[in-house]
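Given the structure of chain A, go ahead and fit chain B onto it with the hints provided.
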Amino acid sequence: MDKKITLNATTDNLHKVLEFIEEYLDDAGCSMNAKMQVDMAAEEIFVNIAHYAYEDGKGDATVCVSLSDNPNEITITFIDSGIPYNPLDKADPDISLPAEERQIGGLGIFLTKKLMDGLTYAYENGQNILTMKKGL
Amino acid sequence: MTINTKKDGNEMTIAISGRLDTSTAPKLEAAIKDDIGGIRNLIIDVKDLDYISSAGLRVLLSTQKIMNQQGKMKVVNVNETVMEIFEITGFTDILTID
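Protein sequence lines correspond, in order, to chains A and B.
Counted from 1, the first sequence has number 78 at position 79 by numbering that gives the first Met the number 0; the numbering is strictly sequential.
Counted from 1, the second sequence has number 35 at position 36 by numbering that gives the first Met the number 0; the numbering is strictly sequential.
This is chain A alone, in the form it adopts within the complex (with noise of 0.2 Å):
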């Protein structure tokens, strides 16, 4: 069972990529807990492309949704056919520093590698490809 959404990549839509998401996570019976961080990760990487994929800042941006009985998993991807940069490459912010030292970017996608059970980024046919999987 899979289900797609293509839409403008803005912040604005970023509630619709949530709900068509959830919609998805209802059927499948899962925590508020797991919902809530899969919720995070698909608000990170989103509003990463909305910010940075395309330099005038207009494109789309496709989602597309899959679960599995077994194991029973989410498979969410993003496709965006902005410029190509795989978030995975990002250093890991340093979460030892005290507060005047901390920077203030890095954390979401950090928080999506901790969040999410899988990442994979590729670049095919001019887009960018992010795939996460979260165990429900």
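Do not rely on the hints blindly, as some may be mistaken.
[To be verified] Some chain B residues close to chain A (C-beta under 7 Å, calculated; not the full set):
| hint | residue |
| --- | --- |
| 1 | S52 |
| 2 | L56 |
| 3 | R57 |
| 4 | K64 |
| 5 | I87 |
| 6 | G89 |
Think of the hints as simulated: they come from the structure by calculation, not from any bench.
This structure is a prediction, so every number in the text was calculated from the model and none was measured.
Just so you know, even glycine gets a beta-carbon here, dropped at the ideal spot from N, CA and C.
Below, chain B alone, put in the same frame as chain A:
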């Protein structure tokens, strides 16, 4: 997201409820900026906060930095989901959580 601010002299309590995400975090940041001048004791009540993304964490971090200069900040009534996010990101070490 709803923000409720209560000021008493140089003490302020900000209660945040709902979702603190990319679209709502700027509102919180603006509300804090407007009111934080002269505050020595800031309490952030997250009892009814359902969700926090990195955009929300960034506001907490920048607010903590301001309060390190001018007084104290405490985050109270942290639920399990939000606490897990604080732990993963090391925010349990930089915030005072009660």
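Okay, the hints, checked on the actual structure:
With a cut of 7 Å, the hint placing S52 (chain B) at the interface with chain A holds, because the nearest CB-to-CB distance is about 5 Å. A hinted interface residue such as L56 (chain B) counts as satisfied when its beta carbon comes closer than 7 Å to some beta carbon of chain A; here the least separation is about 6 Å, so the hint holds. At about 5 Å, the closest approach between the beta carbon of R57 (chain B) and any beta carbon in chain A falls short of 7 Å, and the interface hint on this residue holds. For K64 (chain B), the interface hint holds, the least distance from its beta-carbon to any beta-carbon of chain A being 5 Å, beneath 7 Å.
Interface restraint check: I87 (chain B) against chain A, minimum CB-CB distance 5 Å, threshold 7 Å, status holds. Contact between G89 (chain B) and chain A, as hinted, is supported at the beta carbon level, the nearest pair being about 3 Å apart and thus within 7 Å.
Taken one by one, the earlier hints all hold for this structure without exception.
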